[in-house]
Amino acid sequence: MKTCIVRRGLPRIDAVPKVTGEARYTVDLKMPGMLIGKILRSPHPHARIRSIDVSAARELEGVLAVITAEDVPGTLFAFMQVMADKHILCTDKVRYVGDEVAAVAAVDDDTAEKAIGLIEVDYELLPPVLSVEDALKPDAPLVHEDKDSNLGFEVERLFGDPDKALAEADYVVEGTYVTHDLAHTCLEVSNCVVKWDKKDRVTVWTNTQAPHTQRQEVARLLGIPRANVRVISSYMGGGFGSKLVTDMKAPIAAVLSRITGRPVRIVNTRSEEFTTAKTRYPYTIHLKTGANKDGRIVVRDMTVIGDNGAYHDKGPATINFSAMMFGTLYNVPNIRAVGKLIYTNRQMGTAFRGFGNPQMAFATESQLDELAEKMGMDPLELRLRNANHAMETTSCGAEVCGCAMTECMEIAAERIGWKQKRNGANGTVLRGVGLANMVHTGGGGRFYGYNSTEAFIKLSDDGTVTLITSALDMGQGAHTAMAQIAAEELGVRLSDVIVLSNDTDLTPYDLGAWGSRATFMNGNAVFEAAREARLALIEAAAEMLEVPAADILVEEGQISVKGSDEKHAIAEIVDHSVNEHGWTISGTGRFVDKLPEGYTIKSAFAKNIPCFSFGTQAVEVEIDAETGQVHVLKVIAAHETGTTINQVMAEGQIEGSVVQGIGFALMERLISEEGRIVNDRFLDYKIPNIGDIPEIEAVCVESEGTKGPLGAKGIGEPGLVPTAPAIANAIYDAIGVRFHELPITREEVVKALREKRE
Amino acid sequence: MEAFDYMRPTSVVDACAALREAGGTARALAGGTDILVQMREGKLRPAALVSLRDVPGLRSVRRAQDGGLTIGAATRLIDIETSPDVLRDHAALAEAASWIGSVQVRDRATIGGNLCNAAPSADTAPILIAYGSSVTISDGRDERTLPLEDFFTGPGETVLEPGELLTAISVPPAPARSHAKYYKTFRSAMDCCTVGVAVLVVFAPDSRVVEDARVVLGAIAPTPIRAPRCEEMLRGKELDTALMASVGALAAEEARPIDDVRASAEYRRVLAEVLTKRALAAADSWLQKGAGA
Amino acid sequence: MKRELHLTVNGVSYHRLIDTHRTLLEVIRDEIGLTGTKNGCGQGECGACTVLLDGEPVNSCMVLAHEADGHDVVTIEGLADGAVLHPVQRAFVETGAIQCGFCTPGMVLSAKALLDRNPDPTRQEILDGLKGNLCRCTGYVKIIEAVQAASCLLDEEEAS
Ligand SMILES: Cc1cc2nc3c(=O)[nH]c(=O)nc-3n(C[C@H](O)[C@H](O)[C@H](O)COP(=O)(O)OP(=O)(O)OC[C@H]3O[C@@H](n4cnc5c(N)ncnc54)[C@H](O)[C@@H]3O)c2cc1C
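Chains as they are written, first to last, in our numbering: chain A, 1 to 758; chain B, 1001 to 1293; chain C, 2001 to 2160.
If you are wondering where the hints come from, they were derived from the structure by calculation, not from laboratory data. Since we're looking at a predicted model, the values are computed, not measured. The beta-carbon is built from N, C-alpha and C at its ideal position, and this holds for glycine as well. Heads up, some of the hints might be wrong.
[Said to hold, decoys possible] Here are some of the chain A residues that sit facing chain B, going by a computed Cβ distance under 7 Å:
no.: 1; residue: 671
no.: 2; residue: 679
no.: 3; residue: 684
no.: 4; residue: 686
no.: 5; residue: 689
no.: 6; residue: 691
no.: 7; residue: 737
no.: 8; residue: 747
[Said to hold, decoys possible] Straight-line Cα separation of at most 30 Å, DSS-like style, residue types lysine-lysine; simulated pairs:
no.: 9; chain 1: A; residue 1: 421; chain 2: A; residue 2: 634
no.: 10; chain 1: A; residue 1: 30; chain 2: A; residue 2: 198
no.: 11; chain 1: C; residue 1: 2002; chain 2: A; residue 2: 458
no.: 12; chain 1: C; residue 1: 2002; chain 2: B; residue 2: 1043
no.: 13; chain 1: B; residue 1: 1237; chain 2: B; residue 2: 1289
no.: 14; chain 1: B; residue 1: 1043; chain 2: A; residue 2: 114
no.: 15; chain 1: A; residue 1: 340; chain 2: A; residue 2: 93
no.: 16; chain 1: A; residue 1: 458; chain 2: A; residue 2: 562
no.: 17; chain 1: A; residue 1: 634; chain 2: A; residue 2: 374
no.: 18; chain 1: A; residue 1: 164; chain 2: C; residue 2: 2002
no.: 19; chain 1: B; residue 1: 1237; chain 2: A; residue 2: 93
no.: 20; chain 1: A; residue 1: 421; chain 2: A; residue 2: 374
no.: 21; chain 1: A; residue 1: 340; chain 2: A; residue 2: 288
no.: 22; chain 1: A; residue 1: 458; chain 2: A; residue 2: 707
Can you build the whole structure from these sequences, using the hints too?
Structure, rendered in structure tokens:
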């Protein structure tokens, strides 16, 4: 395929505003009359609210509104409304440290802060449940008293006959793997400005990954028609899943705005971001894998127990999704996936880059190495024997499209020096190499019962191309990718394309930026819109130049005619077309991801995924046996991209993911004492900084057979899925200790080494 | 941050007077990298901050004929790590300073602030104590001088009385045939120390025998502490691997660590042992390489 | 308590009455209205608020505005020469060292300060110079490349 604009590592279209400080983020917005809102949050993990006294706060000069549950709609809310369990402001009970109790709007930050301090709440402390184990005890206190137990959600999926297969398999390994709660730590904290105007329209400026679904959520929370809500997002300082589902800031600010008649801003403090902006779900995974002597994996059986936190969010979806990936990574005939979500008096979880899959991969890919050892087989060999291949359908129904799984493994193993370095063959005792595979969606999912989107393109008579798309750019580069796809298909220069996005009044309905979805879904719609606009342009050119349409070529912003040297700027054609005939030139693209035959939401399982993306990471580590410090020396991250739309940006997605994966594996964990998070700052919640990164080689492996735009797959999440197990496997290779729990801290390494010696 | 009075005196006398007049909660403001964080978190609510910015004479490093250093309390860490005078015979101090925070932090943070803040993990304290440093304190009228190891009284607490300023730190000349080393461990490349260990070893002429030694442990007790039994064990003995191991093990015993979010007490003991051993090994390898020659 | 404050920001001098408890970051963003300088944590850990104070990088969230009284501040808005990007900015754009962009202003200023102090830094010196700037998106790989590229661009500029 000849391509001019895609595949290359062209600079992002928003690089200049970002590098000059011109780019305005939601936290940078200022509005006339804007008030500062703040939220009083529960200091207790579990307590009954006896009474709230707001009189002193109301009297403070500069305070314009103070609200409690009485002042806000009594809606119960959850991402999935059937599971609704959370009020905007707590009515009778608080369920975690950070739960919203009351709020104020004041003229400035200092006054709002002071007012919050003046609100007096009388709490009756209740015994909290702070772990899944405690929550499951028969006499455990109930997080939600209207429910029979703390079990929030349960699901089981079965393919084949796992019990029989386990009984008959030549080798079976079994283990329990534990992951912890992690913070997304977007550099721009979650924040919003809300204006409830005189026409009863509520405008929400916020950093959201999903403006259209957030619009529905805010309307639902406030009990007002959707038509009355408009969501606008700006440049966005990171998402990673934390900004998919609304939290209570938007509805609280809306009510404060309605009362005061002024726009109200609420910005998380960094501490609030750590303690209330939701976490990666901690999973405890019980897992069994069975294989036969020939090296075929015949059965996998797992039970995931997820800590839901105090309220529902994306928990059921993450459990379901991770089960789909569990079923798909290798084509295993007998599979059982059980998932349970348990309510606790802790911060709630949500989506976090990988959507349950990183937790899952830590368990499955660690266990695969354990299995290989038991079988006396090289772990790479075991994986190669079980690799998926293009155009196969797995036993759990996954329709694998283009697939470069084997190639990814070969590249990663070759470049890390697998043969030379494995099993201490490198000479230095405390070095090791390990690898892990992954599969992820490369195009969102059909979980809503559909997966579709739309895009519009118009050409102005000056030749500029305006692209209206819902593809949301939280930093991953979606706008640039969309502009590249439009420019490529339309035959214009990248600099000719202007992207308009992120205002629900302007953009077509869309599910948002998640599930590595934007390139595949929005990209397909943009491609179609560009194609339509291109046809219209060719038609206009043919008319103006009086040649057959088939002879017209469009390239790099120029129109030429086959067999002649004549060239015309696109602007000339559009100008002629618009100003001579009144023919405007535009295109509409709609992409509807076709549901497979017999699809139902309930039964679909892996058929929810329109496109799979495989990858392998190989890691070399060095361990200081005395301090327990694990140094990751090198990571080879080979990931499938279909067609790479932007080489540099795709590498950037992989590199960023790998480093988050290193944080997940070795450094990051929210620590709580009696339900209170004690490391609510970067001083003690360590994310990798520039001095912590290894040499990283991101390899984009192209493959054919994908229904993405120009053959592309999403690459937003895959890069962090296999990092942790690859590191754990490398550590095992180095020191012979198998870690079943993340993060693998210096302290744990020292402890384990000591136990091993004894 | 809550409001407070702010003064910018132009002499030590005026600064001390301002501190006294503003009352017990008034504080000196040097680089602000500790105190502003504490104020923003509401842990500290001083009625007034007395800025040292315009007080002359507090921001310099002077090296005397004998090789001793006098460091003004408001000298920035960035100036210490790059000072040729410090690098000459007290490179371990420069190195300790360079491991604090980031460039942005060290462009503001001062050595006096690091000491007066009195965090058990303060990175300049162990190495300064190992060098045998003393501090000069002024109340605007009189001065007093005391060994740095007597300066700290608890976490965040020092002997400073209201109205007093730390004005200078005196670091004695490095003894002949001596080697000093500070080691700290990090959870990420920018971190307060989980444990810090400074060791100064003075070798006897022409031998591997330790004539004198100081072992100082940081972040492992309410204040930075000397490890006298370790020092005793080293004195008069040949520094071999077995001795290093025994002294390391003893350092772990002398530590009085606590559990906190950064590490367990048990792990801190492990680190005290390892870092002590490594600092001794560094001295040994320095000697093997010709004692800095 | 308010007090007079003189500041030069990006070559423009400002003279205001400012509360003594305001930070340099607050004055730059809220009083002067330059929002390129970001607030990421308020504790000196993330470096998003980095500005150059008399040419040296500092966390403006940890500098009281009045401590900068009479001094010279450069923010990200003051780096480019009109429409011509500073070589460090150009290098960040061209190597793909930018994703969400929230850390970018601070990162760019730290990189500039590093190269001012040390025009030809080793990899380790780049890591030491930028470890006070957190980035959650890029994984830093392309940021290191950007600083290396900027060092070359500055060399070329010097030569011509
Ligand atoms: C991101 C970050 C990372 C850090 N990393 C480290 C680290 O790795 N290691 C480490 O040790 N520290 C670290 N720190 C802490 C801090 O930077 C240092 O302790 C610094 O040296 C404090 O100096 P300062 O001038 O900023 O003190 P200030 O904050 O100005 O003052 C600290 C205290 O000392 C008092 N004080 C200051 N000077 C005097 C004086 N002359 N006389 C009397 N009292 C005085 C003040 O009143 C205040 O109570 C870090 C801080 C930050 C923000």
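Unsatisfied constraints (hint numbers, rising): 7, 11, 18, 19
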